[in-house]
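Asker: Next come the chains, spelled out residue by residue.
There are 2 protein chains.
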Amino acid sequence: MNLRRDANLIAKAALRAVDPEEALLRHVRVIDGVLFAGKTRYRLDALRTIYVVGAGKACAPMARAIEKLLGKRIGESCVIVKDGHPLRLKRIKLREASHPVPDQRGVDAAARIAEIAAKAGAGDLVICLMSGGGSALMPLPVEGFTLAEKQSITQQMLKAGANIHEMNAVRKHLSRIKGGQLARLAAPAKVLSLILSDVIGDDLSTIGSGPTAPDPTTLGTVDEIFERFGLTLPRAMPRVETPKPGDPLFKRVQNLIVGSNALSIDAAAAKARELGYKPLVLSTTIEGETRDVARMHVAIAREVQRARRPVAPPACLLSGGETTVALKGDGLGGRNQEFALAAAIDLRETHGIFALSIGTDGTDGPTDAAGGCADEKTVARAEAKGHNARKDLASNDSYHFLEAAGDLLKTGPTRTNVMDVRIVLVTAS
Amino acid sequence: MNLRRDANLIAKAALRAVDPEEALLRHVRVIDGVLFAGKTRYRLDALRTIYVVGAGKACAPMARAIEKLLGKRIGESCVIVKDGHPLRLKRIKLREASHPVPDQRGVDAAARIAEIAAKAGAGDLVICLMSGGGSALMPLPVEGFTLAEKQSITQQMLKAGANIHEMNAVRKHLSRIKGGQLARLAAPAKVLSLILSDVIGDDLSTIGSGPTAPDPTTLGTVDEIFERFGLTLPRAMPRVETPKPGDPLFKRVQNLIVGSNALSIDAAAAKARELGYKPLVLSTTIEGETRDVARMHVAIAREVQRARRPVAPPACLLSGGETTVALKGDGLGGRNQEFALAAAIDLRETHGIFALSIGTDGTDGPTDAAGGCADEKTVARAEAKGHNARKDLASNDSYHFLEAAGDLLKTGPTRTNVMDVRIVLVTAS
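Residue numbers (our numbering), protein chains in the order written: chain A, 16 to 444; chain B, 16 to 444.
In isolation and in its complexed conformation, chain A is listed as follows (with noise of 0.2 Å):
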């Protein structure tokens, strides 16, 4: 078995999963003049008005995707992407805003896309195309506050040390399209979101926080949460409650999820068991501080070896999710690379297994690089050519290193972005 190119087969079927506009197609269908979309069918003939709007970053191909589907039946539009992300499209209009740091024209374009929702009415169907960065792509502050005040406040919230769910629930409702609102806004018409998932365990309220989907949090949870932090408004904030799980509004809405962490590791696992490999998913949430994240998966792989557990060899260990890295040195890399060097050190002439850790953004850190791999020689490789494994790991310098060990993975930007996947193949020794 060339355990190399065998994990290079399965990265790539992982990532061609994830490509958003292959991923919408296989998740919506036109047939017979009837879309077909997750549990529900639409029959166009029998729809008044189709209305698409949408943002993030993988959403120009997405958008181009509904064109392909739905062509002069789409109606008035509004699609948000970030800078130097759009695509030449027919009919879908595309709109740039400014990411991570929202600014007015993200704002200018939600406004748009809240008065599109609130021309939908009953007969039409409102396309809602999400992906990673809509929440910041997207920003609609309240009645009365502006963009500015919006972003004081959750600068406030991240320096009292909130969590991402306290900041979510503030943030949508400080805002007017947020937390299911769209959803509301866009009644009595049908809605379709089409999602691709950028989050741990893939929270439908979470993701771009929520536009259409139900919110678990209310006005009490954000007063306690003020309370807690001690944090004080600029003036009072309306007290307009967010639709919660349950109302019937959302009877009308499907939110479906066409691309995530999950749907490509379930692609890997396909791809692995086609090569011979017996695939086992170990996690698709996984977080955590990378280098341990890395040892702990050797640690599997070794166990595999020795005592055919979890799984016997062949096998190809999977896991997803998103890892961090605590930067202690000024070395470059990004932490799917840093999985692969701190593999490679435990891999240290180990036969027969191989590790790659892949961003399915296709950029991992500040680099141009999308991951790397480690096998038995990755450090001989390296340190042939000077470099020290531990120290660059001590640096996080996993560029570098990988670079000099020919164990970068390059594939340049996928336009796609469902977090990182990890392939650890592993045979007999």
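None of these hints come from the bench; they were simulated from the model. You can take every hint at face value.
Identical chains share a label here; the pair holds if one copy fits it or two copies do between them.
Capping the alpha-carbon separation at 30 Å, the derived lysine-lysine pairs in BS3-like fashion look like this:
(1) Lys-343 / Lys-406
(2) Lys-27 / Lys-392
(3) Lys-259 / Lys-392
(4) Lys-174 / Lys-343
Take the given structure of chain A and dock chain B to it, following the hints.
Answerer: Below, chain B without anything else, positioned relative to chain A:
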């Protein structure tokens, strides 16, 4: 299912399997005048004298097991245990020495062991008992070197950043007993080493520096290491090579592991199955930073609930090995308690998952606890008593946190040590 009760039963089964006396008696039996050990049978009436030597923290109960098996057949003996760890025995002579810093009593006792081994001849059997701490308890410097000189060399190496393999290579060649030399001293007698392993991977040449195991390192290895680290010796080292793999002297030697992390985990898996959980052993060689290892365990448990993989619920995830804690605060705790605290944070309000981590020696860090456990309410229970989970984790204060939550595990010292056992029970949420 009562997860807490079941996890405790599984932990008990894991500990029982590596009780030194029981573990030895499970692997060694005397039936009709024949000593059965591993793949070898020793006819007692064909043996001239049976000598018993050894060193390690768990060797007193191991020696008691040998007394039960062989009684009056035992000839001269010397088994070295840590200060405060002796038992009242009838025949086998126990000696106490200092651990972890060796002392002259250890040198004297080791010299006695060498004397006994040298006395053993054709037709004799030398039983050697080895367990954790054996290396420090049985120091016997090569001719012309003092214990202090040997220690100063290992101190220099530690400072220079040598790893455990480099340390062991040098130590073995500065010893008269380690690296297979005890087996050479005992030749032409037969040697039966009964080993309780406390090292990751159970490498025989590593446990107690492998006094009866072939040594893959050579004087050449040592010269290289001295050169690499710029070490100087107070005087020339004797050019005596340790016995190598393939040396015919090892034909008369059997090294038998009677207790290990893997055996403990196997027993836990069997108990879990008996209680209705599908066991999945992730690895018995897990190292790395404890809190990140904990997060990864929880992420895998969540995958079991969410996607019925890598195993369907009700499941018991098991792992062994020994993690580390990079101390950042001045709190009280140990690695197993820190595992429980870190898991508790991720398990907050997650129904149907119970995590437990225990040091098999019954002493986790400088505390009277053996480990800790965590469920969905652990954080709530501790925070109701004024604790803050994240702050306590930041200051490594897992003991007081778990104490408040009622989630400390206490067993008292177990007189065994095969590192740690982690148990994560998962039911459908």
